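Please model the complete structure; the sequences and the hints are all you need to start from.
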Amino acid sequence: MEITDVAAVEQIRAGSTEIFRVLVERHSRAVFRLAYRMTGNQQDAEDTVQETFLRAYRQLHHFDGRSAFSTWIYRIGANCAIDLLRGRKKREADGVDLLERQPAHEPSPERLTASSQVARMLGPALDELSETERAAFVMRHYEGLCIEEIGRVLGVQPNAAKHSVFRAVQKLRRALEPAMGMAR
Amino acid sequence: MSHLSEEQLVLHYYGEEGDAAAHLEHCAACRKEYQDIVRVLDACRELTVPEPVPAFETLMWQKLAPELRKPRTPWWRRGWMLAPVMAGMLAAAFFVGRISTVKVPVAGETAQAIPAQGRERILLVAMGDHLQRSQMVLVELANAKAGDAPDIHLAQERARDLVSENRLYRQTASLSGANEFSGLLDDLERVLTDVANSPARISSPELQQIQRRIESRGLIFKIRVIDSNLKQKGTEKL
Ligand SMILES: [Zn+2]
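Residue numbers (our numbering), protein chains in the order written: chain A, 1 to 184; chain B, 1 to 238.
Please note that a few of the clues may not be correct.
[Stated by the list, open to error] Below, simulated DSS-like cross-link-like pairs (lysine-lysine); rule was C-alpha separation at most 30 Å, straight line:
hint, chain 1, residue 1, chain 2, residue 2
1, A, 89, B, 63
2, B, 70, A, 90
3, A, 89, B, 145
4, A, 171, B, 63
5, A, 90, B, 145
6, B, 63, B, 145
7, A, 90, A, 171
8, A, 90, B, 63
9, A, 171, A, 89
Keep in mind that the hints were calculated from the coordinates and are not lab data. This structure is a prediction, so every number in the text was calculated from the model and none was measured.
Set out below in structure tokens:
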């Protein structure tokens, strides 16, 4: 029989560290998806998954079971991705590791032919958003969270979350509409 | 009749603006604007997520497992053995006792109003400890330089633990009508929550906002006053 998330958390708290593996295997793909959309590349997404589960493990005593474990870990994941983006911006500003990092969103040749110019511009356009705007947009647009849930994940009021989504869409329109032959 | 704002149209796209549909039905200008938004946002769906590496979950676990085994008990937790629930119970005993000393007119000192002096003393120590540790976090943040992205992750981890303790003390204080305490704990909790929820590498404006908050509420000073009152109360009881 499959152990539930809540039961797993209890066993881990009681000292069975190994059980944490169940939670990692069950939820890491969802966190990866979110992290990839927020960071734009595979390596950063994997790092985010690592950091997310490490933080979750260390803060497991804060998990009170009122929300699902998936929601809780998702929330940590979003915040880890935001931290990573902030760190990345700072390193780039300092001129560090520009050479080391894989370029984000490098389209494969087949994707280039198959998709419009828009797809190619989307990655850089997303990189132009602030961390919070990007997080809010990814959660609303790709993950289907409602404004209120986004506010909870980011620890802000719904109005602030709404504003972040809106700002993101405004910036994306500005970046993408010319490429789509749309006059503004 | 005024047109729909861009924000309303964006929310409508996500099904979070109930009133837009009726207007769109008979307003060509808004319909055009909405179609533009739809085109861009639909195009954004092209961002595909690649499959992670093979055996991704196993790989993640293999990388994580050694990290989990590293001991990581922060120094300030060692020796702190009062579980929050226990602390909450003690807090209840303390505040109930405190209230009855206020409400029941007694000739002598507070002795008869508080049935379990021993428990109260433990609580005074626990509360004092909580306030002192909170104070340390606040002082550290108040003194942090708002230069480029200061790393506050240590203060933050401590804040995370303090928040849940604080909540129990605050709830009990407020239920018991101990308003001077619950007011202070309420202010403290807001700041601690802010700190706990901010990123480990905080931006300067965010740090400055937290610092302003600490300062405007006179939090550090108030904590010192209450802490020294608690200490005094503790000595009276001895
Ligand atoms: Zn209109």
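Going through the hints against the structure:
no.: 1; hint: A:89 with B:63; result: 26 Å, holds
no.: 2; hint: B:70 with A:90; result: 29 Å, holds
no.: 3; hint: A:89 with B:145; result: 20 Å, holds
no.: 4; hint: A:171 with B:63; result: 37 Å, violated
no.: 5; hint: A:90 with B:145; result: 17 Å, holds
no.: 6; hint: B:63 with B:145; result: 35 Å, violated
no.: 7; hint: A:90 with A:171; result: 21 Å, holds
no.: 8; hint: A:90 with B:63; result: 26 Å, holds
no.: 9; hint: A:171 with A:89; result: 18 Å, holds
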